[in-house]
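*Asks:* Sequence:
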Amino acid sequence: MIRAATPDDVPAILAMIGELAAYEREPEAAQATEPQLKEALFGPQPAAFALLAESGDAPVGFALWFRNFSTWTGTHGVYLEDLYVRPEARGDGHGKALLAALAEICVARGYERFEWSVLDWNEPSIGFYRSIGARPMDEWTTFRLTGEALHHLAATSRVNGA
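Residue numbers (full-length UniProt numbering): 1 to 162.
Just so you know, the hints here were simulated from the structure itself, not pulled from any lab data.
Please note that a few of the clues may not be correct.
Okay, the calculated beta carbon distance ranges per label pair [said to hold, decoys possible]:
{"hint": "1", "residue 1": "G91", "residue 2": "L153", "range": "37 to 47 Å"}
{"hint": "2", "residue 1": "H151", "residue 2": "T6", "range": "29 to 39 Å"}
{"hint": "3", "residue 1": "G133", "residue 2": "A155", "range": "38 to 48 Å"}
{"hint": "4", "residue 1": "R135", "residue 2": "E81", "range": "15 to 25 Å"}
{"hint": "5", "residue 1": "H152", "residue 2": "R113", "range": "26 to 36 Å"}
{"hint": "6", "residue 1": "I132", "residue 2": "S157", "range": "36 to 46 Å"}
{"hint": "7", "residue 1": "P7", "residue 2": "A155", "range": "35 to 45 Å"}
{"hint": "8", "residue 1": "I132", "residue 2": "P87", "range": "15 to 25 Å"}
{"hint": "9", "residue 1": "E148", "residue 2": "G91", "range": "36 to 46 Å"}
Restricting the straight-line Cα-Cα distance to at most 25 Å, the calculated cross-link-like pairs of lysine to any residue (SDA-like) are [to be verified]:
{"hint": "10", "residue 1": "K96", "residue 2": "T71"}
{"hint": "11", "residue 1": "K96", "residue 2": "V118"}
{"hint": "12", "residue 1": "K96", "residue 2": "P44"}
{"hint": "13", "residue 1": "K38", "residue 2": "A15"}
{"hint": "14", "residue 1": "K96", "residue 2": "L14"}
{"hint": "15", "residue 1": "K38", "residue 2": "A22"}
{"hint": "16", "residue 1": "K38", "residue 2": "D8"}
It should be emphasised that the depicted structure is a prediction, and the values quoted were computed from it without experimental measurement.
No residue lacks a Cβ here, since even glycine has one placed at the ideal position from N, Cα and C.
Sequences are here, hints too, so could you generate the full structure?
*Replies:* Right, here's the structure in full:
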């Protein structure tokens, strides 16, 4: 079963974020707290949204996403930040069901793009994504600015009150 997450699901989502970070070989990188996640998902101005996959009453996976915008299509889209299914539930269709639910959100709302990133070594996921018709954006490289470099660039800003 796939359903929208509720505030009561935050501890389970946070636990699965930690499991995903460990799977992606960066367990120390998952530093979000329950209050941060609760605010991001259920605060007055939600920054992100989550779907939960359940087997019985146990959470076995989640998808965390946010809206993006394409200047080329003039429409919003969905950016999937995290998709995770617990190892014991993999192969039972939960990942595909989460992606199908997000595709349904896109179609219902007139969004023209549904995008996400995958680590280049994650062959099982890449194969799965290709099997549902997703294609890699081989000509694009993701860039990230964090830490000291982010602060250094921010210090050069000439915008007041950004």
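*Asks:* At the C-beta level, are I132 and P87 separated by a distance inside 15 to 25 Å?
*Replies:* holds (20 Å)
*Asks:* Within 37 to 47 Å: is that where the Cβ-Cβ distance between G91 and L153 falls?
*Replies:* Holds: the Cβ-Cβ distance is about 44 Å, inside 37 to 47 Å.
*Asks:* Is it true that the CA of K96 sits at most 25 Å from the CA of V118?
*Replies:* holds (15 Å)
*Asks:* Does the beta carbon distance between G133 and A155 stay inside 38 to 48 Å, or does it fall outside?
*Replies:* Between G133 and A155, where Cβ atoms are some 44 Å apart, the hint holds.
*Asks:* Check whether the Cα positions of K96 and T71 lie no farther apart than 25 Å.
*Replies:* violated (28 Å)
*Asks:* Could you grab the alpha-carbon distance between K96 and L14 and see if it respects the 25 Å cut-off?
*Replies:* Roughly 21 Å separates the two Cα atoms, so the pair holds.
*Asks:* Is K38 within 25 Å of A15, Cα to Cα?
*Replies:* Distance ~13 Å between K38 and A15 Cα, so the pair holds.
*Asks:* R135 and E81, beta-carbon distance inside 15 to 25 Å?
*Replies:* holds (20 Å)
*Asks:* Mind checking the alpha carbons of K38 and D8 for me, to see if they're no more than 25 Å apart?
*Replies:* Between K38 and D8 the Cα gap is close to 9 Å, so the pair holds against 25 Å.
*Asks:* How does the Cβ-Cβ distance of E148 and G91 compare with 36 to 46 Å: does it lie in that range?
*Replies:* holds (42 Å)
*Asks:* Using the beta carbons of I132 and S157, state whether their distance is inside 36 to 46 Å or not.
*Replies:* Once the Cβ atoms are compared, 41 Å apart, the range 36 to 46 Å for S157 and I132 holds.
*Asks:* K38 and A22 were given as a pair; does the straight-line alpha-carbon distance stay at or below 25 Å?
*Replies:* OK: K38 and A22 at ~22 Å, within 25 Å.
Consistency note: the structure conflicts with the earlier hints numbered 10, 12.
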